[in-house]
Amino acid sequence: MSAALSFVLHAALILHIALIALCVWRVWRGENVIDRLIGADLVGTLILGMLVIIAMIRGNALYIDVALGLAALGFVSTIALAKYVADGRMF
Amino acid sequence: MTTLLQAFAILAIITGAAFSTLGVLGYYRLPDVYTRLHATGKVSVFGVVLLVVAAAVLTPLGFGKGLVLIFMLVLGGPVASHAIASAAHTIGIPLARTTRDDLAVVQDAAPFDPGAGS
Amino acid sequence: MDLLQALAIGVMFGVGVFQLLRRNVIRTAIGMLILSNAVNLFLLTAGAYDGIVDAYTNLAGQRSDALPQALVLTAIVISLAGFSFVLALLYAISMRLGTADSDEMDRLKH
Amino acid sequence: MNPHLVLLPILIPLAGTPVALLLRRRPRAQSAWALGVMLTTLLVSLRLLGVIWSGGQPVTFQLGGWPAPFGITLMGDLLGVTMTVMSALVLGLGLVYAAGCGDRCITYPHFYPLFLALAAGLIGIFLTGDIFNMFVFAELLVISGTALTAISDDPNGTEAAYKYFFMSLLASIFLLIAMGSLYVAYGTLNMADLAQRIAAEPARQPAPLAMALLFAFFMVKSAVVPFHFWQPDFHAASPTPVSAMLSSVVVKVGVYGFIRMTTLLFVPVAAPLKTALIVLGVVGVIFGGFTALGATHAKRMLAYSTLGQVGFILVAIGWGTPAALTAAIILTFNHSLIKAAMLMLAGAVASRAPVKSASFDVITGMGKAIPFGGVLFFIGALALAGVPPTNGFVGKLTLFGSGIQAQAYPALLLIGVFSIMTLMYVIRAFQVIWWTPPAEGQKAKSKGDALLAPAILIGLCVLLGLWSEPLARLAVDIAGSVGNPALYILTALGGR
Amino acid sequence: MSDLALFIPILLPLLGALLAALYGLPGVNRRLSLRGVCWALAVLPLISFLFLLGRVADVNAAGPQTFRVAWIPSLGVNFSLWLDSLSLLFLLLVSGIGALVVVYSGYYFSAGSEWRFLTYLFLFMTAMSGILLAGDVVTLFLFWEGTSVTSFLLIAYKTSDAAARRGAFKSLFITGGGGVAMLAGLLFTASVAGGLDFATILASGDVLRSSPIYPVMLALVAFGAFTKSAQAPAHIWLPDGMSAPTPASAYLHSATMVKAGIYLMARMNPALGQTELWFWLLTGFGLFTMMLGAFVGLKQRDLKALLAYSTISQLGVMMMLIGDDTSAAFKALVVSVVAHALYKSALFLVVGIIDHETGTRNVYRLGGLRASMPRTMVVATVAALSMAGLPPMFGFLAKETLLASVTHPSMPPVLGSILVGGVLFAAAFLFAQAGTLIWDTFMGKPRDPEVHGHEPPVWMLLMPAVPALLSLTLGLLPEPKALAEFISRAAEAAYGGQVKVSLALWAGITPPLVLSIIAIAGGFVIWLNRGRVIAWQGGFADRFSANRLYDGTLSLLDRTAGLALRTQDGHLRHYLATILIGAGALIVLLGEIPQTASALTFGPPAELPLLRVFALALAAASAAASIILRRDFFAILALSTSGLSIALLMLLQPAPDVALVQVVVDLLSVVVLTLALTIIPREQLMRATLLTYRQSRPELFRDIAIAVGAGFVMTSVSLFSLTSRPRASVVTPYYEAGAKPLTGAADIVGAIVVDFRGFDTLVEITVFAMAGIGMYTLIRYAMHHDAASFATTVRAQLRKGVAQPDAAPAHTVFGIDGMPTSSLIHLLAYVLLPVMMVLGATQVMYGHDQPGDGFTAGVIISLAIAFWYVVFGYQETRRKLRWLKSSLLVGLGLLLQTVNASLTALFTGSFFSHVDYGALVGLPLPKGFNFSSSFIFELAICITVLGGATLILGALGHPTDPPVEG
Amino acid sequence: MQRVVAGAGLLALYLALTSNLTLSNMIVGAVVAALIAALLPIEARPFDLRRLVVALGAAILYVGVLMLDVVKNGVTMGRLILNPRLPMNPGIVAIPACCQSELATALSAHAMTVSPGELVIGIDAVGVMYTHILDVSKETEYTEDASGRRRNLLSRIFP
Ligand code: NA
Ligand code: NA
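Chains as they are written, first to last, in the working numbering: chain R, 1 to 91; chain B, 1 to 118; chain W, 1 to 110; chain E, 1 to 496; chain H, 1 to 966; chain P, 1 to 159.
For the record, the hints were derived by calculation from the structure and aren't laboratory data. Worth double-checking, as some hints may not be accurate.
[Said to hold, decoys possible] For lysine-lysine, the following DSSO-like pairs were computed, each having C-alpha atoms within a straight-line distance of at most 30 angstroms:
1. E:K368 to E:K356
2. H:K500 to H:K481
3. E:K445 to W:K109
4. E:K443 to H:K158
5. E:K274 to E:K368
6. E:K356 to E:K447
7. H:K158 to E:K447
8. E:K443 to W:K109
9. H:K740 to H:K927
10. E:K368 to W:K109
11. E:K356 to H:K158
12. E:K447 to E:K368
13. H:K158 to E:K445
14. E:K443 to E:K368
15. E:K274 to E:K356
16. H:K880 to E:K368
17. E:K356 to W:K109
18. P:K72 to P:K138
Next up, chain R with everything else stripped away, as it sits in the complex (with noise of 0.2 angstroms):
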């Protein structure tokens, strides 16, 4: 791997983790329960992020399974929330 593409990995992954520290201090300090839900739903999606960056990184494919793990269900929950949220119920 080229000195270039790890550097650009890594500092991808030091964004993205303060991406998600932004993200889940504002899903703390939430105005409302969407705004929370919304904050959630978007760390989910940086973790994916996240795990694909390692995956480049440790050159290993495997992380991609777990990511499509995360991405699929993660969709399905925020759903399934988002409907608890609206209507007290999900089924």
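The hints should help you fit chains B, W, E, H and P with the ligands onto chain R, whose structure is shown.
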């Protein structure tokens, strides 16, 4: 070829990261949940998708799965945004700086706030 | 790093225990999950050696101990099973006793 | 001999579970199946017992053919197999009771699968030679036991199950931490391998922590005071055929564990464990006696009584001499039979009460409807109190004898004095249920649970009192075998 | 050594019990009359009596006869019998009086089937004979307890009578407790003597007396004997035991059982006696008991109670005599035993007749019965004279020998005079009692016009007449040589030395005779002034009654029990806190918290340190946030964040398999937890939250302290294991080396989970399945029967105004609200399920080479189905996915996994081994996919988990659906 | 027939996930796809091969157009985020239905949501999409230009 691919990957990573940043910035700076959803949707669709593209290029065996992942992201991200927005509207989260709400006309939203106490 | 990791495990365990001792049963359930998470992390640290490569035979390099990982997999499943069951119990109790407060679930005593 | 014989007592109920589940629309077939499964399990474990007893050697089975200590080792030694036989016997009779029991929960399509899973979990604990595998079986036991209690006709079953579950959760966490710590210290999970390594280097960190937590785990499992809080609620609220199992055989998990800890795993450092067992046992005898005396509910009384009865066993394990271990085994086995019978009888009376409950207020005088049950209960009461010629006496005799031999006078004095309380509370209960006239307008129902299972159990109690030689012989041999951990280790590790 | 015939006195009554029980069968009962049965059954003890009589000569000539059979050889326990003169004497009384009592019972019970009584009585006879025949400690205890139990049953014979139940309980409590003490004492004795049998014990007197634990064993044995033989203050059970039917009282509570303690102490005298302690203990208690019984008995108005107290007094006499180490005392003992048995059984039976004929035993209501019951009066008077110690009755002789023993020259003067005084006191009062018994009953005028007496049947009266006349004839007959010899042998067996017995009434003017006259005179004075004496006794005795001690003990026990029960306060949190604190104590006492030398170093820098720190901080912080966040929903979000951070940490471990499972489980947990929020009524949750944040300071501090302690332990042990790395693992190198060649797996973790430790997984999946079906059964079956829950739910639905999906009007906007969701979400749902199924399929197939396995596959597919529940609704989804029969799936999956594991045994000979079927057949499968046992196992897991997870989701999502199996 | 099409899609998915295009994997994949397809609730409808081809072509075109919209609007969004003080007039407007089919409506809504600046909040029974847009003054532009083009394509796929 490798260098070219790496260059492409770097570009994709930078762009993806930039979009993710943009999304989070939007989440922080836009005035209401609806407009924020416009921004946060970008993170999944542009940010992560581009990162996945880079990963698909860089890591062995990752291409097929990368494709599936992109498919999932592009399909699921907007739907999630839609669901959240719909929920927001249902529970009566107000729109900021707005002049028009066609949905409010047809829908008599029953207010429900799950955070109200529990 | 070791100290931080140990501290994090300790904090999570402590938080789990504290939540377990709350009156609100939802908190108790949450505490249960946090406790399991902390214990699972501990089990991972119990691995005999730490590596930088996943425990796959086709990857070269220092692998981390695979056995605790396998144990954690089992432990996670079991805690999920128990957790779900607890929720069902909570629902049943809530319907029968009309409370979600642990201290008010005291039909059975003496 | 085919080593699979060690596997079968676990496998048969484990495989019987899904079949019972598939038979969920055919209640009669399901019940017969479950009974058949437990009967087969009993026969198989008796055969296993015969093999290892006559052979004088434990039998091991390496699952999947993976050599020890890499795979999971099943160990059929005299102790484990005897516990298995005891469990299979009592569980089988539990099913017999269930078959003649009028509880609604028995008719739920998942009752029998859960019951069989409980059996598999229990027997697995006794036969596994791997500490993590033991955890998994313990969880199977917890979840099926919890489920069976939660679905009880008694609406308090859910509360009891809830409380039990959380206390078990702590126990499981103790076990997991202990197990992780043992792996940290010795790098293995096989009990024989661990025993060998602990013997070589007992002070390796963090093994002492593991020892303490493992001890705590077994304390919760056996409801040792003060880790007992789940037990009275849980045993009283669960359906009778289940509660008869819980308070008799299921609490023996901890007893088994304590024996294993002091005679196999932590032999070089067992002295403080034994002291703790004696202290806890005495406390249990006293506390169990008092709580049982004060209980206002027959099943709760019997559950509290278990605290005391297990206390006797703990004291014996704590003394740790061959004679004391013999006493512990005899007490363990006999208590299982007696307590199961007593709980069944309490349940049978409750089933006759106008409101189904085993509260003394409700069942006062309800025994009049089942005089035969009264005879059984009375004999059971005597057995519980250790009055000859019941099996309970043999336990008490060996316990006292071993205490005198061990010159453990203070503990002996205390357990002797408080053993009288057993007689007090059971006899009180007997008088209230069978002799006291019922309250105005209270009339027993004409139909109730069948008494076949408790009758068999009480019959066994008397039989084992009159003809206790086989059990005593077995107990002596078990005490001898656990006194020789080297053979266990050698066998488990495949003779290496 | 094996004189089987010794069993006869035990087996005959046992047979009697059996026959009596058979008499309880309705068919038999209807055909046979009680009297006939009693006569027939009385033959059994009679045979026994004759048999024993036949043995007298042998025993006198050849010494003890024994029998022994190994009972529990492994424990060295035998069943042994021992017949010597002492036991023979008692046995003759037991069988002889037994026969009388059985016949008497046939007349006593007026009507109805008293088979229970007869059974108990014969069981008692068995046990009593057993005590007397027992040749070792264990055999003795076996029968000893038997008498306690049968006595209990007889005292509470009238079960509906609360007083009878109380009395029975009291007797069992006291004698049972004594029994335990006795067992312990005898076991001590046996352990010191080196054998359980009496032969050994009796021969080891010197060893025993010099043992340091001699006082303990003596005290314990004596305690047992005292309780049984009603020595004060343990005597209190005996008067209350009078609620037993009179035949039982006559038999058990005067003639036989209460003498068991006397027998025991006499038996043990050679072994434990002849010491200072022995003397003081027995004589002290005996003297006190003698005086107390005599004194308190006088004021009894119930004839049976009066007799009970006089019995107590006599038992005291006997105990006192055993304590005295002279041959005279033992002579007196044996004579007293015989005399008392004869006159007391007669008196009891007479009282039974009076009660039977007049309907009362109350002295205040009786009187003047001489007219209507003259023959009864004769019998009663004869027996009472013996009791009063008047010549020419045998009782007179007993008193003479007693006085002779206390005036024995070897007695120290001060002590001697105390004893003499006591004996005189007791004798006088006993005389007065006897007077009351006869005079107030038969003489004078009838006190109660409603009480009418008539003579009983002749045969009934004959039963007391026999012993009464015996006590007369034994006194009158000129020195029966054989009897004297026999009695002296019995005394010798107890004394351990020569005892000379003369049964002559007249021995000249001796000090005992003078004292006897004094006693009789005093007794006469007391009897004349009995009104005043009784008034003076008044509450005196009550105030010092041991009953207060007994009641106090019981109530103390009950109060302590109440206190002990208070610990079970119903608060789970207290229980958990106790367990945690207890575990902490165990760690401190038994264990040790590992210390790390390098605790303050940060260790080597890891890969991606910043990310690790971040993930650790996030995991811990969001866990902590779950405490602070007041709204459950937000706490759940925090929990989920913590879980995902942990997944990240696991990924960095690196442990991708675990991370994937952690992700899916975390998300599933969040979903089910939120589901729980939807089904638990909001008011309840709000209230609980309110209370949670209103906890008192001390409580909070306690919880925090526990949490901190727990956290500290975890930190220490984690730090230790982290800093002590790398260590040696015994097992992992094998897995690393073996995964590929042995199981065909690249994923070592997968190989462990599915192959090397596959059995764990098999059971774990069963756990998951059981959780699923358990919840399902709880919610859909058990709860369904709760009317309350049904009503609550209906109310909840009404409150929420849930719209039915079909009723949606055209202008309804389909979003996420309400039942129907928008077509956009439908689109995702339609796509997601097949995608997840394919993903799951690849995980099942290729899990051996990549993260993911049957479990994640199952959870992923279930979550996709759960999404359908969210999107289309539960019922609609069930309609769409008809194959989704969760219980069936669970059953099939579990079955498949065991069948698969068993099948491998056919190929390799070992259950649950790895078999690659594809390779066996030569299937050209794609690289990385093995059609092996592992694959089938993963498939089974996937099916089971799918079933289990959908059960969980269905149960929690739709708790109020009817229990129709999906 | 629809089931076969679905199966083909599943096979493609399987092949993508396994990243193995050997014959044996295709066969195995076909088996897996067939099994899964058998489990899906697919309603049988009359099948027209010609329409399938047209629809596939249109779909590819549709994805291209969509991508273009995504990028174009993405830039607009970015500008707006970086400078939220730019004139903004957000609101929810009702955008009329494009086609009959539920799937087409869904795809249309998806396309709208995926392209920045538009967020479908609700869809009613007749397919009207209540969409949150950043500038309600440009309502016609949305309805006619951007989404109009896509709707055109959609109606080809779903006549
Ligand atoms: Na003497
Ligand atoms: Na895997």
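Here's how the hints hold up against the structure:
{"no.": "1", "hint": "E:K368 to E:K356", "in the structure": "holds (16 angstroms)"}
{"no.": "2", "hint": "H:K500 to H:K481", "in the structure": "holds (12 angstroms)"}
{"no.": "3", "hint": "E:K445 to W:K109", "in the structure": "holds (28 angstroms)"}
{"no.": "4", "hint": "E:K443 to H:K158", "in the structure": "holds (20 angstroms)"}
{"no.": "5", "hint": "E:K274 to E:K368", "in the structure": "violated (46 angstroms)"}
{"no.": "6", "hint": "E:K356 to E:K447", "in the structure": "holds (12 angstroms)"}
{"no.": "7", "hint": "H:K158 to E:K447", "in the structure": "holds (26 angstroms)"}
{"no.": "8", "hint": "E:K443 to W:K109", "in the structure": "holds (27 angstroms)"}
{"no.": "9", "hint": "H:K740 to H:K927", "in the structure": "holds (13 angstroms)"}
{"no.": "10", "hint": "E:K368 to W:K109", "in the structure": "holds (28 angstroms)"}
{"no.": "11", "hint": "E:K356 to H:K158", "in the structure": "holds (28 angstroms)"}
{"no.": "12", "hint": "E:K447 to E:K368", "in the structure": "holds (13 angstroms)"}
{"no.": "13", "hint": "H:K158 to E:K445", "in the structure": "holds (24 angstroms)"}
{"no.": "14", "hint": "E:K443 to E:K368", "in the structure": "holds (10 angstroms)"}
{"no.": "15", "hint": "E:K274 to E:K356", "in the structure": "violated (42 angstroms)"}
{"no.": "16", "hint": "H:K880 to E:K368", "in the structure": "violated (56 angstroms)"}
{"no.": "17", "hint": "E:K356 to W:K109", "in the structure": "holds (18 angstroms)"}
{"no.": "18", "hint": "P:K72 to P:K138", "in the structure": "holds (16 angstroms)"}
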